[in-house]
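Please build the complex by placing chain B on the supplied structure of chain A, with the hints as guidance.
Taken in sequence, the protein lines are chains A and B. Sequential numbering of the first sequence, starting at 1, is according to the working numbering. Sequential numbering of the second sequence, starting at 310, is according to the working numbering.
Hints are computed from structural coordinates only; laboratory data are not their basis. If you're wondering where the values come from, they're calculated on a predicted model, not measured in any experiment. Ideal Cβ placement from N, Cα and C applies to all residues, glycine included. Don't take every hint at face value.
To be verified - In silico negatives: residues of chain B with every beta carbon more than 12 angstroms from chain A:
id, residue
1, Leu424
2, Gly426
3, Leu428
4, Met471
5, Leu476
6, Leu531
7, Ile532
8, Val576
What the hints assert, rightly or not - Computed far set for chain A versus chain B, every beta-carbon distance over 10 angstroms:
id, residue
9, Asn8
10, Thr82
11, Phe133
12, Asp164
13, Gln197
14, Ile236
15, Glu275
16, Glu306
Said to hold, decoys possible - Some chain B residues near chain A, calculated using beta-carbon distances under 7 angstroms:
id, residue
17, Ser425
18, Ser427
19, Glu429
20, Thr434
21, Val436
22, Glu572
23, Val575
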Amino acid sequence: MSIISVHNLSKKFGDITAVDDLNLEVKKGEVLGFLGPNGAGKTTTIRMLAGIIAPTSGYAEIAGQRTDGNIERLHEVIGLLTETPALYDRLTAERNLKYFAGFYPIVGITPQVEKYLRLMGLWERRKNRAGTFSKGMKQRLALARALLHEPQVLFLDEPTSGLDPEAAQEVREMVKNLSSQGRTIFLSTHNLTEAEQLCHRIAVIRTKLLVLDTSENLRNRFFRQEVNIRLENPSITIINAVKRLDFVDDVEEKDNRLIVRLTEPDKNHPELVKEIVDAGGRILGVSEAEHHLEEIYLKLIREEKENGI
Amino acid sequence: MGYRRIVNILLKEWQFLFTDFGNTLLVTLLPVLVIGQLILYIWLAVNFAGESAINISIFQNALANLQRATPEVALLSGTEQFQVLLLSQYNFFMLVVPVMISVSVVTFSILDEKLSGSLEALLATPVKTWELLLGKALAGAIPALIVTWICSGIFLGIVAAMGWGYLLDMVMTPVWFISLFLFSPAVIILSFLLGVIGSSRAKDAKGAQNLVVVIILPVLALIVIQITGIIWFTAVSALILAFVIVLVDYFVLRIAVRLFQRESIVVRWR
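Just chain A, with the same shape it has in the complex (with noise of 0.2 angstroms):
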């Protein structure tokens, strides 16, 4: 069941468009990574779908309130986390808090906010002013603020972007406790890596909707797949040997390696193996080939790029 429909999103600004004819649907507690170059449009479309600024068409639907509806209610259904924490640096941590959730119905503010202080780990200096607070504390104070009015969709916008190593790693725990919990969570990055951790399915903007399906299917999808297999003595005779093969496409030579293009690798990997031993080939290692989203982002980009121009 979808608790985010996005149907015919566009966004201009005098001339230039932003956002161009999304739909995509977010499942009740998956967490959908929106990954796009700078200026695809990401930012917008999650101010869109967090109703802070009008689509110049189309709507979405989430948790059953539209954005061209009671925006009020829109925003008790949704929680956002900014691109920088923007807390109130001279206001203590626990003060933040409060006055963020005075603007919502929560019955029982301080125990409210107490949970999330101790959830995030801040319970201790939820008297200190938050402008004391390293990057990764705040980015979690943040949070916090974002999940005071337990909210059914969280938007993070590149919520490591900034941090340290530790304090990136910090906010992705964090990001995948709540996905446990089973909260939907829709968030922008441009950490591949994360997406690729903490993602149910990504999608790919570059001002329109280029992808949407889990990482897996994303590598087979823009990749064939391949096996390397490790050789002590590599030769022509085993490697015309392996081109034989119907379910090989192509072979290539590389360091003592042989990269083989499978049709279908799962199937074939034992005869394949066979044909290399009958070969007169010694065998060191045999392993399939990865490519991360970063490979098949980078594809995306430059494919969609080339189309454009």
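The following block gives chain B in isolation, referenced to the frame of chain A:
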């Protein structure tokens, strides 16, 4: 819910405001300086210019206007007439205080939110823009008004303590009360709205607060045109002026509301 949210904004703004040394100083020290300055001017004028001041041509028209508006002034000595003339300028002179406080509070508050990005987080909550605007307006207007009224009380007290109390009947005319209860709130609203407009465009507090000049210059101009005898504000003309300021408030409010929309704030405020 609206009331609760407005109070929430108000309390946070005050906490924010009064934990800043510069703002606290502005709210407490500025009125003292303004009153002190005015009393000093009057004291210097009375003691050093004295009787001869009424012979200065620039003041003769103003004194004639004053006598027309308050005939009993004519029965006073020249020095006393001059004193009443100067004391009557308090109404306009003191408007500097609410203008300064109001503009400083709003620019401080909105610019801080704008520069830290907290305004976007705030706009993602169920708060309505009018609640936000009103909360911030009241945060500046309430202290500004209270300080203005307290200052007026202090001013009257000092005047009485200096032995000039018998002149107060001629100073506390209807114009005094119109100024205190109509001009001041109307000018505070104008200051706040211009502060919002300034904050939406300015990159720092200093830039936004330069707008103070836009409001203070006309206020000071009121003193100049009155003291040079171009015009003397009677109850009727003061009411007309108050109405004009309210009208200006209305038009500036329309501009400010247009600027203070969610989309304008996150997209256009740079």
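Hint-by-hint comparison with the structure:
1. Leu424: violated (10 angstroms)
2. Gly426: violated (4 angstroms)
3. Leu428: violated (8 angstroms)
4. Met471: holds (42 angstroms)
5. Leu476: holds (46 angstroms)
6. Leu531: holds (37 angstroms)
7. Ile532: holds (37 angstroms)
8. Val576: Violated, because the least Cβ-Cβ distance between Val576 (chain B) and chain A comes to about 6 angstroms, which does not exceed 12 angstroms.
9. Asn8: holds (19 angstroms)
10. Thr82: violated (5 angstroms)
11. Phe133: holds (13 angstroms)
12. Asp164: Holds: least Cβ distance 20 angstroms, greater than 10 angstroms.
13. Gln197: About 26 angstroms separates Gln197 (chain A) from the closest Cβ of chain B, which puts it past 10 angstroms; holds.
14. Ile236: holds (63 angstroms)
15. Glu275: Glu275 (chain A) clear of chain B: closest Cβ-Cβ about 60 angstroms, beyond 10 angstroms.
16. Glu306: With a cut-off of 10 angstroms, Glu306 (chain A) remains clear of chain B, as the shortest Cβ separation is near 31 angstroms.
17. Ser425: Interface hint status for Ser425 (chain B): holds (6 angstroms vs cutoff 7 angstroms).
18. Ser427: With a minimum Cβ separation of about 4 angstroms from chain A (threshold 7 angstroms), the hint on Ser427 (chain B) holds.
19. Glu429: Since the shortest Cβ distance to chain A is 5 angstroms, the answer is holds.
20. Thr434: holds (4 angstroms)
21. Val436: The hint holds - Val436 (chain B) has a Cβ within 7 angstroms of chain A, the shortest such distance being about 5 angstroms.
22. Glu572: holds (4 angstroms)
23. Val575: holds (6 angstroms)
The structure is inconsistent with the numbered hints 1, 2, 3, 8, 10, although it conforms to all the rest.
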